[in-house]
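4 protein chains.
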Amino acid sequence: MKTRKTNWGRWGDSDERGTLNLLTPELVLAALRLPKTGKTYSLSIPIQRSGVPNLEYRGTPQRLTLTNHDDEAMARANGGAPGVGANEDQLILPSHTSTHLDALCHAYADDKIYNGYPADQMTPYSGAAKCSIDKVGGIVGRGVLVDVAASKGVDRLEPGYVITPADLQEALDQQEVALQPGDLVLIRTGWLEAFMAGRVDIMPQPGIGLEAAAFLAEKDPAIIGSDNSAIESIPFDQHVYLGGHIILLVEHGIHLLENMNLAELAADRCFDFLLSIGALKITGATASPVTPVAIG
Amino acid sequence: MKTRKTNWGRWGDSDERGTLNLLTPELVLAALRLPKTGKTYSLSIPIQRSGVPNLEYRGTPQRLTLTNHDDEAMARANGGAPGVGANEDQLILPSHTSTHLDALCHAYADDKIYNGYPADQMTPYSGAAKCSIDKVGGIVGRGVLVDVAASKGVDRLEPGYVITPADLQEALDQQEVALQPGDLVLIRTGWLEAFMAGRVDIMPQPGIGLEAAAFLAEKDPAIIGSDNSAIESIPFDQHVYLGGHIILLVEHGIHLLENMNLAELAADRCFDFLLSIGALKITGATASPVTPVAIG
Amino acid sequence: MKTRKTNWGRWGDSDERGTLNLLTPELVLAALRLPKTGKTYSLSIPIQRSGVPNLEYRGTPQRLTLTNHDDEAMARANGGAPGVGANEDQLILPSHTSTHLDALCHAYADDKIYNGYPADQMTPYSGAAKCSIDKVGGIVGRGVLVDVAASKGVDRLEPGYVITPADLQEALDQQEVALQPGDLVLIRTGWLEAFMAGRVDIMPQPGIGLEAAAFLAEKDPAIIGSDNSAIESIPFDQHVYLGGHIILLVEHGIHLLENMNLAELAADRCFDFLLSIGALKITGATASPVTPVAIG
Amino acid sequence: MKTRKTNWGRWGDSDERGTLNLLTPELVLAALRLPKTGKTYSLSIPIQRSGVPNLEYRGTPQRLTLTNHDDEAMARANGGAPGVGANEDQLILPSHTSTHLDALCHAYADDKIYNGYPADQMTPYSGAAKCSIDKVGGIVGRGVLVDVAASKGVDRLEPGYVITPADLQEALDQQEVALQPGDLVLIRTGWLEAFMAGRVDIMPQPGIGLEAAAFLAEKDPAIIGSDNSAIESIPFDQHVYLGGHIILLVEHGIHLLENMNLAELAADRCFDFLLSIGALKITGATASPVTPVAIG
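Residue numbers (UniProt numbering), protein chains in the order written: chain A, 1 to 296; chain B, 1 to 296; chain C, 1 to 296; chain D, 1 to 296.
Please keep in mind that the hints were generated in silico from the structure rather than gathered at the bench.
Each hint should be verified, as a subset may be incorrect.
When chains are identical, the list treats them as one kind, so a pair holds in a single copy or across two.
What the hints assert, rightly or not - Cut-off 30 Å, straight-line C-alpha distance, at most; resulting in silico cross-link-like pairs (DSSO-like, lysine-lysine):
1. 130 / 152
2. 39 / 219
3. 36 / 5
4. 152 / 112
5. 130 / 39
6. 36 / 130
7. 112 / 36
8. 152 / 135
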């Protein structure tokens, strides 16, 4: 890792936001001028116990009912009129469930996370001291869909398919879109739609390979997302465990958006758009479930 | 309730989105033209065990560590190189914790939620069948800050202060902003900043009263938010339990944004802006924690 | 149900403990005289994420680390010397996970739980008002193992096998043990050992059928347990959903012990023994995970 | 610590059970002969959101409803007749909540837990590799109540009172009971009853001091319990953070029972009895909530 190019130090030794630093007000203003239709896209999949790609070791995501109409006595005790009350939930969620944004502290290599902070700076009680998701804040910029499946004329890439730089370039060429620094790049494999329709198993999954990761990092994006569970292919390209995460997240400080719902953008052939992401400000967390919002 | 004006039926008998229906593509495109500076504002407060207004009956929000560097054996077992691994969390969250968006199923009156659906349509296991938060999707529109505290020349309204229509109109007049149908209206009391600075207790809280709720509903906003725990004052105005919720959420189908962080918008005197909200798609849930994102 | 014999009203209209009422001090003192070896048996299986029969809809049981050595700063802040600290956990558990005791409120039929209390007396927030697990307290009495698998000379009954009254009687005869009122009766199928060794799937499971349930109820036991997930066979005997629960739990007020670890008692051919069960006093709960303790 | 007498190595270098090794079958058989009345005592307090001594940093214990009568559709889909269904819960519990048994891995000093195992052997995902609560199994022996409050003629010791060896000896003398190796010793302060009746705050708490801990360790008990949150006084005696835990749990391998409900035993002046404890077999956990069961 030491000899490879990284973004460590690029925004100072105390930086915790990586390529999100590229999202200047000028770039944001430019992104606001992209939408043509004004159509709002909601780019997340459901958070629920089953039917979505929950990895088993993370445990079942659960929405539980905290109060409903049967607890109306609580409302009455506080002066509620008959028939008045509140429905509420309690949630048990792995932070990397459903559609989510990985914080820069999520992965480490050579015992270091992004910018050289030590990997052991995350404790059970307090969470991550550096590069946690609460350092992210609101993210707005130009979203670019790279529809690899469509450029190959298929509904979905084969399970385990390793996306190459050529695949990405071909899709961009077909779409007549060029990547620019600070872009929020979303790569479509078609896998998630097939999984949720029950047509493929949770593993293996298509995704970018190591060369594609390096190719993308070179483009200086603010974020990379995909419609699969790890951006990169599973099994990992060249058997490098978390290899794509290491290049993008650890070495280049690029936050990753996983399990993106890209179906509707693809159907509309909406290739560049305004994209807005509001990560929850969970103190010390390694990720946040999100619903990214696009305007076409 | 029966004799008061409501939005029930206005968008059909099967509507579950209320005034979010006002957010047409045209309105969204218009909102995109508002920003002048391109500055991104993150309008949420932290999700953490203490220091934020968590209501006791909802239980403590918890971020717990699922894996960290001490679990590197898991990565090794999957082929990870020495020094490579992943940090992950498990979350326990009341859905109405921190900054959150209430779903239209959250409150009920006369045993009915918005649009006349029965209040007992929420079960423990499946959650709400109607008007749950997963029906919301991405929300984008014109945000308007109504800084009542600033218009009165104070840092914060007194605990328990009941905001009147005149208070709102005065603030709007001073700001030289007029409310329009479909606006995402954010009312600032200054309370949350004072609470988080340890200067006031969690109760009582300033907020809108019943007349202000009716005044706002009349303006046909898509959403109403505030920097307090319930939009409305606590104790409730005129001792009507959840009175503001009943007028806005139940009768008018207006989603509510609570515990908003409005400090930075106020400091910048940024009164209208692009506002984007991505509620988590939690199947059957009554609310979602969110980080609303504004562009000034 | 109405024409069948039940224990409703037998201990008064306000009873919530069913056949636990049979456990008189005299019976307890008699049970204390049973042990011959003084060997202590721990009759539970592990509570963990996998490898045990967790039903999917209940979600994954999770032990999470609340604090460990990495959080020593918390101890230091409270005056702890270097190297001093505490390890703690947070648990997420379905109450019916692993080895557990069903409360009498767990199942209902004809919209009623044991003793005729209405089934709808359990609310999301407060739990069960009647017959919840916190009404149980400590349970001590004569335990009897009915080793049906051994009496048939097999390691385990076939998946889905429906145990008959004749099977039970034959096992008792072979063991030369007679059931007495107030016994804590544990029926061994051998299934759980086979499941945990990875030799059979989670479904189907052998267990008692409807006639065996009636046969057992007639014997007036204080508790019935088994080394499977529901005491009764799955699929349910004669396709009666929860039929065994209805006869035993609902109609006769007999608490049920599920997923019992009976391997060691069986290996020692220990057929009657002192048995002690300490259900957690979880207010309003429908069950408690337990480790029943036997003395042979 | 190095120069003080400990039990490290006493039962071999691979021991994880400490003084529970003292509970031989002979000792168990002797304990079975103690009960005179056959009365069963349940020695736990409720597990619930409030009204019990939950330490804030551990988060709120929660019983949530997983299914109730409103989810009867689930039963119907599986063949359930109308009016038939199941009530179930989901639990969120700190393992050290309510009445619980501390595992030997719970506390460490000089970076070591009992028997010299390194303190850093507890990871977030897997929990404690050594001395976790699942190593405990069923515990049965002679319980001894040492009612310090009664011996002083008071309802409860003063908040923060530090119990001395003389206090313990005086109580034992008054009770005419002598401690024996392998005893399960329960020390009553009266504090918990007062707390639950709302008469004292959660802090400070009376409990044993460092000298009393050493005095007790010398008696070679199998377990020590008390009706307070940490056995030892809070603030800690002589300002030694976790000093009592270090002597008893870390140095002597004595499991600790906290928040014991000793009111009924005290009222009956039942000073020695059969005591049975079934710790949940939670893989890797640092404690288990329990309901110890006594027979007088």
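A quick look at each hint next to the structure:
| no. | hint | in the structure |
| --- | --- | --- |
| 1 | 130 / 152 | neither (40 Å within a copy, 40 Å between copies) |
| 2 | 39 / 219 | both (28 Å within a copy, 24 Å between copies) |
| 3 | 36 / 5 | neither (38 Å within a copy, 36 Å between copies) |
| 4 | 152 / 112 | neither (38 Å within a copy, 51 Å between copies) |
| 5 | 130 / 39 | between (37 Å within a copy, 24 Å between copies) |
| 6 | 36 / 130 | neither (39 Å within a copy, 32 Å between copies) |
| 7 | 112 / 36 | neither (43 Å within a copy, 40 Å between copies) |
| 8 | 152 / 135 | neither (38 Å within a copy, 33 Å between copies) |
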